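Go by the hints and put chain V onto chain C.
Next come the chains, spelled out residue by residue.
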Amino acid sequence: MPNFIMSYLRSTEALTPGSAGSQFWALIYVLIIFAGVSLAVICMNWLERKALAHFQVRLGPMRVGPHGLLQPIADAVKLMLKEDIIPTEADQFVFWVAPLIGLLAAFTVYTVIPFGPTQAVSDMNIGILFMLGVSSLGVLGIVVAGWASNSHYPLIGALRSSAQMVSYEVAMGLAVISAILMTSLNTSGTGTLSMIGIVQAQQQQGVWFIFKFFPLGFIAFAIFAIAMVAETNRAPFDLAEAESELTAGFHTEYSGLRWSLFMLAEYAAMIAVSAIAVTLWLGGWMRPFPNLLHAPVWEFIFSLCPGFTFAGLAAITLIGTARMPAHSFFKIQRIGLAVFAVLLGFIALLLLVIAVAGRSADISVAARFRDGIDHVYWFVLKVAVFMYMFIWYRATWPRYRFDQLMKIGWKVMLPISLGVLVVTAIVGVIVK
Amino acid sequence: MNDRAKENKNDLSIHSLSNLDLEAPEKTYLDSNELILNMGPQHPATHGVLRVILKLDGEKVLGTECVIGYLHRGVEKIAENRTYSMFNPYVDRMDYVAAVSNGLGYCEAVEKLLNVEAPPRAKYIRVILTELNRIASHQLWLGTHALDIGAMTPLFYTFRDREEILKIFEKYCGARLTTHAFRIGGCQYETYAGFEKDVKNFLTFFAPKIDEYEALLTTNRIWLERTKNVGVISGADCIALGVTGPVLRASGVKWDLRKAQPYAAYSEFDFEIPTGENGDTYDRYMVRMIEMWQSMRIIEQAVNGLPEGPIMGKVPKVIKPPVGEIYHSIEAPKGELGYFIVSDGSTQPYRLRVRPPSFVNLQALDVMVRGMLVADVVAVIGTLDIVLGEVDR
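Line by line, the protein sequences give chains C and V.
Residue 121 in the numbering used here is what sits at position 121 of the first sequence, and the numbering runs on without skipping anything.
Residue 441 in the numbering used here is what sits at position 9 of the second sequence, and the numbering runs on without skipping anything.
Incorrect hints may appear among the rest.
[Said to hold, decoys possible] Here are the simulated lysine-lysine pairs, PhoX-like style, with alpha carbons at most 20 Å apart:
#, chain 1, residue 1, chain 2, residue 2
1, V, 660, V, 691
2, V, 641, V, 691
3, V, 629, C, 407
4, V, 492, V, 660
5, C, 407, V, 660
6, V, 599, V, 641
[What the hints assert, rightly or not] Where chain V lies over chain C, by a calculated footprint (3+ residues, C-beta under 8 Å):
#, stretch
7, 378 to 389
8, 399 to 405
What the hints contain is simulated information worked out from the structure, not anything from laboratory work.
Note that the structure is predicted; figures quoted are calculated from it, not measured.
Every residue, glycine too, gets a C-beta built ideally from N, C-alpha and C.
So here's chain C without its partners, still in its complex pose (with noise of 0.2 Å):
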């Protein structure tokens, strides 16, 4: 082990396509992914009560920044500054440790993601065998906050989350491996578990694997879809932590830091499934139709989308700030989302500016920033549309029953995506 951590930090060379590989770059985005993942939390935070109180006919937090904008900081402060209690007969050391094992569980996932060909903390050629074993180490954070708490509500919900947790990973596995045979269907003839291999891949063969071997890749993606869904205990799979039968379930005794270090861990997990959902199916960092709209002029066009995302998001804040109430209550609050605007609109201007840079010149800085941007930027959308999905999950549907939630698992889901497996595996040697 200290051999290969040595031999790790001592490659100067490029391992894998581009920065990649290389530990400085891989510092860097250590830095940037643990500074993106907590910000992208908080955004979470805020978009889940906002759209989740949309659908419910409320309009969420209003008061603390204009539309609510710094209700997430101020629950931060909230409970950064809330007393410690650790209950007296919960088991100290195991109390403290448990929420630490789910969040550098659900960090960890994130050495693996790519967030484009060179945008990654490392391109290990296990890393889809890794994604699995990490992500599965966060039932030891709920089980084992469960059991240190010494009460019954916590014990319930740990039994609960690691039955389904473990059950679930089997659906999921299964889906995933056969993903990892639609690699093999490459020119090289060599199947990849790297997960930029995997996307690779799938700019090889010119189709997103959601849409091979129609609806093979998509029963496969949809089992992943529900399995992840279970994976991070949202709803209508969140039995671990159901409200109204088991209070808070493995979290009822922890409160302050120790319950956001859960919460941050439940959404970081959040994150990391969705990301790597579109890393297999989803083509991962690129665009739409590369294939069928390559032209150059298509390749500007595309190019222009993050500049107009940003710019969208601009004029949407402009207009509530004009629909903002006279009253001089609101002076501040619209002087806020002014500047919001602005900021929003300057990051918009930036984006188009190198877009339009970056148009001509192919090895000039600009292009490669460009390029950069346009593979960071179509990842976190489709990685959205996924966050999307679990808010609306959430509005949408009950939860269920611990009993028919295995009965899923291991009824419906297994063999599912056994027989998907199957089929796939026939297909691909037929294709071959």
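Showing chain V alone in chain C's frame:
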């Protein structure tokens, strides 16, 4: 186990029944001990301050015991120290979700004791407000029941629409929840200008809203899985336990006091009594949804046929009923709400006893959840539609 936990255990044993021996956990499946789970009185899904002690084997419920009384205010004792009209507002505080029904039952019981009758216009106003309140009560039930099963959104839809009913109450008598809408002998207030229009507007407003709720739930696969064959109770069991209301009707017994022994003006209206077949949570859901439609039918007929005339019957200034006793019951949204009043000829009741539907229906909890899972306990508490203010009184 340390001393404190032992103490707690002894505390529980005060309440132990023969079928729920909390002292000695039995060895069960896989050599694991039974678990005693204390659900409530502070719990998001026990609808107030109900405490349910669950005996669990894993997640399976082996037995339950309800501990009630956390909201006991001694309403029946208060009645003995108040005059008949002074006690009238107190009944609103029992089932605060359906305060109008409570008031109707009490006023009619005293009227029966006094041998007076409310004039027809008062009766019609009573029917309109009571049926509006039935819809409001069912809306609250639907929202919280769905929330217990994990669907958050219906709660906000039902509360949004319940607001329209509460607005009508507020315009009529100034209060939204504990209305004190009726007086012994009739109604205190004449309807306000535009009352009929408001009620009719509500009917046209509300019809598509029920479809909206149903779109979210009725054919939702998860909702079906969570409610079908959950908390099944047979009609015979219901009758044996004294369970009434939608719970009884969902088990296939066609018993509704509005038809069986009509009070107020119900004999003059045309409406159906929905019944279920299986007596499960889904049937109870459907029965209540159809009841909302039927209530709308009744309101429409009552508003269109609202007679002119006085709204107060011939009631003496000082209410002094003759010596005697009376039992009068009405069909509240939750079941049979009865008042038993003993009069000794003075201005105050000698004894007043309330037969609250929630209290009696709650007895069925154990029968319904035995052998089911923890999640079903929550679903069944929701489907019984209890209000703890009425259970404890």
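- Report the numbers of all earlier hints that the structure fails to satisfy, in ascending order. 1, 2, 3, 7
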